[in-house]
Amino acid sequence: MGGIGKTTVMKHVHNELLKETKFDTAIWVTVSQEFDVEKIQKSIASALNKSISAEGIAMRAAELSKMLKERKRYVLILDDVWEIFSLDEVGIPEPTVENGCKLVLTTRSKKVAELASSMRDVKDVDLWKNALNELKENSTSVEGMADEVIPRLKFSYDRLMDPKIKRCFLYCALYPEDFDIPKEELTEYWIVKGLIDEMETRQAMHDKGIDILVKAGKIRPLLLEEEWKDDVEKVSLMRCRMTEIPFNAAFSNCRTLSTLLLQDNDIREIPESFFEHMIGLKILDLSKNVNLRRLPNSISGLINLTALMVHRCSDMQHVPCLAKLGALEKLDLGGTKIDVVPQGLEMLTHLTYLDLNSYRLRKIPGGMLSNPSRIQHLRLDYIALENAEDILRLTNLEIFGVRFDNLQDYHQKWNGYVSFQGLRICENSVVLPHDIQELHFYACGGMRSLRDVPSLKDTTDLRECVIYRCEQMEFVFCLSSCYGILETLEYLGLERLDNLKAIFQIAKDEVNASSLRTKTPSPPNIVLRLKSLNMSHCGKLQKLFPPELLPWLQNLEEIKVGDCGGLEEIIAKSDDDEEGENNEAAGNNSTKSLALPKLRFLGLKRLPNLMSICSRRSTIVCNSLETIYLIGCPKIKRMPVLLPHLVNGQPLDPRSLRIYINKDRWDALEWDDRNSKSLLTPFCIYEWSPYGWS
Numbered sequence: 014m015g016g017i018g019k020t021t022v023m024k025h026v027h028n029e030l031l032k033e034t035k036f037d038t039a040i041w042v043t044v045s046q047e048f049d050v051e052k053i054q055k056s057i058a059s060a061l062n063k064s065i066s067a068e069g070i071a072m073r074a075a076e077l078s079k080m081l082k083e084r085k086r087y088v089l090i091l092d093d094v095w096e097i098f099s100l101d102e103v104g105i106p107e108p109t110v111e112n113g114c115k116l117v118l119t120t121r122s123k124k125v126a127e128l129a130s131s132m133r134d135v136k137d138v139d140l141w142k143n144a145l146n147e148l149k150e151n152s153t154s155v156e157g158m159a160d161e162v163i164p165r166l167k168f169s170y171d172r173l174m175d176p177k178i179k180r181c182f183l184y185c186a187l188y189p190e191d192f193d194i195p196k197e198e199l200t201e202y203w204i205v206k207g208l209i210d211e212m213e214t215r216q217a218m219h220d221k222g223i224d225i226l227v228k229a230g231k232i233r234p235l236l237l238e239e240e241w242k243d244d245v246e247k248v249s250l251m252r253c254r255m256t257e258i259p260f261n262a263a264f265s266n267c268r269t270l271s272t273l274l275l276q277d278n279d280i281r282e283i284p285e286s287f288f289e290h291m292i293g294l295k296i297l298d299l300s301k302n303v304n305l306r307r308l309p310n311s312i313s314g315l316i317n318l319t320a321l322m323v324h325r326c327s328d329m330q331h332v333p334c335l336a337k338l339g340a341l342e343k344l345d346l347g348g349t350k351i352d353v354v355p356q357g358l359e360m361l362t363h364l365t366y367l368d369l370n371s372y373r374l375r376k377i378p379g380g381m382l383s384n385p386s387r388i389q390h391l392r393l394d395y396i397a398l399e400n401a402e403d404i405l406r407l408t409n410l411e412i413f414g415v416r417f418d419n420l421q422d423y424h425q426k427w428n429g430y431v432s433f434q435g436l437r438i439c440e441n442s443v444v445l446p447h448d449i450q451e452l453h454f455y456a457c458g459g460m461r462s463l464r465d466v467p468s469l470k471d472t473t474d475l476r477e478c479v480i481y482r483c484e485q486m487e488f489v490f491c492l493s494s495c496y497g498i499l500e501t502l503e504y505l506g507l508e509r510l511d512n513l514k515a516i517f518q519i520a521k522d523e524v525n526a527s528s529l530r531t532k533t534p535s536p537p538n539i540v541l542r543l544k545s546l547n548m549s550h551c552g553k554l555q556k557l558f559p560p561e562l563l564p565w566l567q568n569l570e571e572i573k574v575g576d577c578g579g580l581e582e583i584i585a586k587s588d589d590d591e592e593g594e595n596n597e598a599a600g601n602n603s604t605k606s607l608a609l610p611k612l613r614f615l616g617l618k619r620l621p622n623l624m625s626i627c628s629r630r631s632t633i634v635c636n637s638l639e640t641i642y643l644i645g646c647p648k649i650k651r652m653p654v655l656l657p658h659l660v661n662g663q664p665l666d667p668r669s670l671r672i673y674i675n676k677d678r679w680d681a682l683e684w685d686d687r688n689s690k691s692l693l694t695p696f697c698i699y700e701w702s703p704y705g706w707s
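Counting from 14, one number per residue, gives the positions in the sequence shown under our numbering.
Since the hints were derived computationally from the structure, they do not count as laboratory data.
Keep in mind that this is a model prediction, so the values were computed, not measured.
Mimicking BS3-like on lysine-lysine, the simulated pairs with C-alpha atoms at most 25 angstroms apart in a straight line are:
| id | residue 1 | residue 2 |
| --- | --- | --- |
| 1 | Lys376 | Lys337 |
| 2 | Lys115 | Lys19 |
| 3 | Lys573 | Lys690 |
| 4 | Lys35 | Lys24 |
FRET-style restraints, in silico, Cβ to Cβ:
| id | residue 1 | residue 2 | range |
| --- | --- | --- | --- |
| 5 | Lys52 | Gly579 | 58 to 64 angstroms |
| 6 | Asn512 | Asp328 | 30 to 36 angstroms |
| 7 | Glu477 | Gly113 | 44 to 50 angstroms |
| 8 | Thr20 | Glu484 | 58 to 64 angstroms |
Even for Gly, the Cβ is constructed at its ideal location relative to N, Cα and C.
Required output: the full structure, derived from the provided sequences and hints.
Here is the structure:
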């Protein structure tokens with residue numbers, strides 16, 4: 014923003030550089046809003062006490078470039094830059110370590126700021142939010158001259174010096190080797206452990222945690238049972254395929270243990286007395302143990318526990334009394350089978366995070382939330398509210414999920430998460446907050462596409478959208494009215510949409526003939542943020558992606574499609590493909606490459622009519638692919654995925670790729686590259702979990 018001291022800082026830097034001997038020249042040029050290449054070229058030359066005689070932009074650029082190179086080591090300061098411009102077009106040589114030159118910009122533009130240093134290459138909105146929070150805090154704590162300038166310099170310096178970062182990264186050591194650590198999960202551990210200072214909102218604390226991950230480094234993982242000692246503080250046994258708790262003296266008598274991570278195993282039972290002596294335990298994560306039916310009563314005595322996570326323990330039915338857990342700040346029982354509120358919930362006065370998202374839980378007795386002013390994250394997705402006014406006492410809500418049976422219950426102050434269930438959606442009947450991040454529709458009628466919710470186009474930060482059993486849904490996005498949504502959306506979940514014809518409805522005037530030929534999106538320069546597509550039971554859908562949309566999907570990391578009986582193609586054939594296949598019959602065998610550079614997971618299961626992933630003339634380049642899941646797709650004969658087979662002339666690390674497939678299907682599968690099959694056979698897994706990729 015203007016007036017915060019950018020120019021003042023740079024004038025001071027410029028004046029100091031004039032005294033330096035490290036650089037031969039310090040050059041100052043004011044660019045201003047009306048950007049003109051010729052004017053900039055002449056201004057730089059003038060600052061060098063020279064003039065440009067050449068005619069035409071290209072000739073002037075060559076002359077200016079020669080002038081600058083003659084000055085050897087220089088610093089060029091461009092003040093008040095409003096637009097992105099080409100250095101080559103102006104005639105500014107690229108600053109490199111070899112030539113020792115520096116280019117410094119001041120700007121109000123986020124896009125221009127990607128030349129910047131402190132926030133260079135940072136495109137995650139959460140990181141910019143955290144930077145803003147730090148700037149606001151620092152601007153009130155620094156005295157003296159420089160109420161506008163020094164705080165911002167202090168901010169850049171302090172970002173490198175946070176003493177808590179080392180403690181934060183000890184938690185990275187709790188994850189298995191080569192494990193992709195979920196950044197949201199890690200940040201939650203830091204929050205409940207108190208490693209992130211208390212801030213005004215939970216979102217601000219989350220943003221601070223994400224900011225620390227810019228600073229990530231590798232730390233050796235903690236070994237498992239063999240390194241247990243009676244003074245151990247943190248233990249991780251996640252993803253160890255445990256079916257039972259190893260009950261031994263070191264385990265059960267560990268009074269110093271503060272963190273125990275047991276998530277993503279197959280634990281079926283925990284001994285009743287297991288937690289009796291773990292009096293120092295603060296963080297307990299049992300999430301994703303799908304066969305665990307009950308928590309032991311010894312959990313009731315963990316008086317220092319601040320976080321209890323049992324998320325997605327889908328068989329969980331019993332949670333003991335929680336009345337003594339007065340320190341508990343986070344309780345996550347989402348995705349369980351509990352049908353009553355745990356006894357003692359009303360005694361948990363420090364709760365800031367509560368997830369009771371169980372489809373069997375239908376009501377919450379009055380007075381269960383004893384200190385509603387502290388709640389920041391509340392998920393009650395399947396619980397209908399008899400009186401929405403009860404929730405208005407939760408004054409610090411940031412993330413909120415609740416079932417609405419009546420649109421009159423909906424209130425615009427609730428942001429973060431909104432779930433609509435069993436409602437009839439008609440145009441303008443739903444007005445959403447502009448900063449909503451998650452939106453779910455369950456069994457909503459009257460909605461043919463998201464175009465029927467016009468207020469969606471005004472949202473600025475929608476990250477997740479889930480649509481379930483909306484039987485009249487024919488299209489999800491009408492492209493002409495959804496550019497804003499698609500630029501922020503990261504996760505799209507579609508399930509049991511019986512009449513869905515296509516995910517994207519593209520008008521004929523949105524993609525012209527030339528863009529179809531060149532595969533360049535129209536309008537240009539749009540790349541969707543979409544990372545994950547998860548869809549199932551959409552029986553009428555025949556083609557997943559139109560080919561002209563593929564250049565927009567460069568951020569796609571996961572494709573999970575299952576039980577879609579009518580699906581025939583993943584990437585549909587274009588008119589060019591049809592023409593090319595006709596030419597192929599005439600002897601022209603030219604092929605084209607399609608790219609999904611960030612795709613890590615390709616999951617296709619129970620798709621009886623799926624015949625192709627893309628046209629015979631196309632190959633998909635997937636340099637990041639880690640998992641292929643091809644189960645119950647009997648008509649697939651060709652795998653057109655191009656993988657990096659060799660690294661530096663050596664075979665791929667066997668941990669780098671997994672292919673889940675039936676042995677007979679693998680034997681029948683054809684790969685475009687002749688060597689692929691023999692090279693990839695060692696990566697095949699012919700036995701797989703019945704839970705698939707859930």
